[in-house]
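Number of protein chains: 2
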Amino acid sequence: MPLRNRQWIYRTRPEGAIGREHYELVETAFDPTPAAQELIVRGHFISVDPYMRIQQAARNTWEEPHPLGIVQRAGAVAQVVAAGAEVTGFAPGDFVLTYTGWQELARCHPLEATKLDPDLAPVSTALGVLGMPGRIAWFGLMEAGRPKPGETVLVSGAAGAVGSLVVQFAKRAGCRVVGIAGGEKKCKFLRERLGADEAVDYRRFGPDEWRKFSAELARICGGESRVDVYFDNVGGLTSDAVLPQLALRARVVICGQISQYGGGLDEPAPGPRFLQHLLFQRATIQGVLARDFTPRMTEYVRLAAPWVRSGELVFEETMVDGFEQLPRALERLFFGESRGKMLVRVARDSDPC
Amino acid sequence: MPLRNRQWIYRTRPEGAIGREHYELVETAFDPTPAAQELIVRGHFISVDPYMRIQQAARNTWEEPHPLGIVQRAGAVAQVVAAGAEVTGFAPGDFVLTYTGWQELARCHPLEATKLDPDLAPVSTALGVLGMPGRIAWFGLMEAGRPKPGETVLVSGAAGAVGSLVVQFAKRAGCRVVGIAGGEKKCKFLRERLGADEAVDYRRFGPDEWRKFSAELARICGGESRVDVYFDNVGGLTSDAVLPQLALRARVVICGQISQYGGGLDEPAPGPRFLQHLLFQRATIQGVLARDFTPRMTEYVRLAAPWVRSGELVFEETMVDGFEQLPRALERLFFGESRGKMLVRVARDSDPC
Chain A
151 MPLRNRQWIY RTRPEGAIGR EHYELVETAF DPTPAAQELI VRGHFISVDP YMRIQQAARN
211 TWEEPHPLGI VQRAGAVAQV VAAGAEVTGF APGDFVLTYT GWQELARCHP LEATKLDPDL
271 APVSTALGVL GMPGRIAWFG LMEAGRPKPG ETVLVSGAAG AVGSLVVQFA KRAGCRVVGI
331 AGGEKKCKFL RERLGADEAV DYRRFGPDEW RKFSAELARI CGGESRVDVY FDNVGGLTSD
391 AVLPQLALRA RVVICGQISQ YGGGLDEPAP GPRFLQHLLF QRATIQGVLA RDFTPRMTEY
451 VRLAAPWVRS GELVFEETMV DGFEQLPRAL ERLFFGESRG KMLVRVARDS DPC
Chain B
151 MPLRNRQWIY RTRPEGAIGR EHYELVETAF DPTPAAQELI VRGHFISVDP YMRIQQAARN
211 TWEEPHPLGI VQRAGAVAQV VAAGAEVTGF APGDFVLTYT GWQELARCHP LEATKLDPDL
271 APVSTALGVL GMPGRIAWFG LMEAGRPKPG ETVLVSGAAG AVGSLVVQFA KRAGCRVVGI
331 AGGEKKCKFL RERLGADEAV DYRRFGPDEW RKFSAELARI CGGESRVDVY FDNVGGLTSD
391 AVLPQLALRA RVVICGQISQ YGGGLDEPAP GPRFLQHLLF QRATIQGVLA RDFTPRMTEY
451 VRLAAPWVRS GELVFEETMV DGFEQLPRAL ERLFFGESRG KMLVRVARDS DPC
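Same order as they appear, the protein sequences are chains A and B. Letter 199 of the first sequence, counting from 1, is numbered 349 in the numbering used here, and no numbers are missing. Letter 284 of the second sequence, counting from 1, is numbered 434 in the numbering used here, and no numbers are missing.
If you're looking for bench data, these hints aren't it; they were derived computationally from the structure. Take these hints with a grain of salt, some might be off.
One copy or two, it doesn't matter: identical chains are merged, so the pair holds either way.
Stated by the list, open to error - With a cut-off of at most 20 Å between alpha-carbon atoms, the simulated SDA-like pairs for lysine to any residue come out as follows:
| id | residue 1 | residue 2 |
| --- | --- | --- |
| 1 | K338 | A179 |
| 2 | K362 | V231 |
| 3 | K265 | A208 |
| 4 | K362 | P420 |
| 5 | K362 | D416 |
| 6 | K362 | A208 |
| 7 | K338 | L270 |
I would like the entire structure built from these sequences, with the hints used as guidance.
As structure tokens, this is what we get:
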């Protein structure tokens, strides 16, 4: 007997901000019978991530633009509803991490699903602290940032899914950590919950005030040119302020440029030129992408899962309820309205599979 | 009996371009008697280099700004006039590399002088192909650029002291090399003398035409995002055009930003933001400085001197005659009027020591 499925179809390419108007919600019949090598899964937590907006840009980035007319691609934590006759290792009720996107029900090959252990940590963490954002926070900082004890690490987007972990990983590495976030509330969170030594509210500075912002960073870092590692999730004004403060042999990790995702990817916004600072300081800028570290996921989870279980590693989830909220939740990411990992909860354990 | 000496004193800090008006030519008496541990030297070739303008900026860069009221610092190839009683290893008539600046006569400690072998190569090459520019061309390309056979290497300022060597080193490394320079004459030089596979005249593009320039680079490189190594001496418009064409895991070497030396160091010029391309391509930008490789000079000279002697390595010198021409020669560097290494010849071998 066919079930009803709901899907968010990506319909039109945004020119500026992404929003509800670029999607269509469709309801279709869904045959719940799995093929021999197939899993039928029901999404529980569906992800919204800043990288989605990059793939919506018209230009090729790390792959071709997200096609129009198909379900919005996304990571999801789902529960197995049914497993085909030839499937081994998965049973109805199992939680899995999949890449089935913005739909309630989906079919996928077992190779596309990673079984999750609910005893290790809450399954939603597979999309956050123990998932893609955690992985790039760890490897981005450790492999590209290469922090040394006593160094100063500056993190932009420091209250976000990735940044909030980078702050804590850098503290573990023995660094002095300065977090940059929007609003005093987030700054308080950085200092009091995440252990940042200092926090700076970028909203105190107008769109042209990078010099003032830069001077404030110098003050907080104890002098000019004291930033050894800059882990950047934001770009734009924030980077304009940070880059003149790079220390000798500083490492800049470009993990995200969220301030540019409202159109600047197709039509670059102007900003002050700063490459000469790299020359003066013999500094390095390196772009990192989570997918490059996918083969090392086990290595990361082995380290971080005990910290999650013990509560040593603080991670927050901004949980939005309701499948119909997905486009709005994605949109909210770009207005700095979330803290930690933003997730949409589309089913509860008590829901019928 | 005192001799007469001429010196160029750096008097006022430029706000834009550097020129004659920032210097004063003074004539002073010079006591030619060396102290026991001293050399008296007479400059033969005195250097003008783009980095001088960086040190004239008001801001600290790799060191404090060049002080006002003293002789302009610069490298020089000089001849020993007299050696103190306790000096060993130097005799009158020896050619040495010193850092005695823009003055005809100077005194220095033997530790500040490197004896040159005129049989190895013309002594003027100690300021060019076998000196600082050669060293950073080699180590900048090899250590930061890490070219691999078959890769595409783009060089800006490709007809300059550093760039003209980078073009040839990259060819030796088995790369496809595209040089960027100003004017068709220089482009012809790149193709016909240096062996560049392609040459692009940046003067064909207006100050806002980075997209058109970028499209031209894509065409020449055989498609979008094909630049594996970008060795940058110039910055500005040229980098705006190149950076959107970076290939996967591209390496950008920032060796100079000469387009910004007319004031942009103190007051950054605006340009399009491009850090997202580093993210897409997981590319790296690294600033390099010749002085970091000073301890490896012998290693470089051992490799390159035979290529210079055999004529395999093309190097050009733009020789300006006359001590009084020094400020004008420096100024000319920033208008792209020279090819290869610009030098000022202040004495001839036949001059009395």
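Right, here's what the structure says about each hint:
1. K338 with A179: neither (48 Å within a copy, 67 Å between copies)
2. K362 with V231: The answer is neither: 56 Å in one copy and 54 Å across copies each exceed 20 Å.
3. K265 with A208: neither (34 Å within a copy, 59 Å between copies)
4. K362 with P420: Result: close both inside a copy and across copies, 18 Å intra and 17 Å inter.
5. K362 with D416: between (29 Å within a copy, 15 Å between copies)
6. K362 with A208: Between copies only: 18 Å across, 35 Å inside.
7. K338 with L270: Answer is neither; intra-copy 30 Å and inter-copy 66 Å both fail.
Hint compliance for this structure: hints 1, 2, 3, 7 are not met, and every other hint is.
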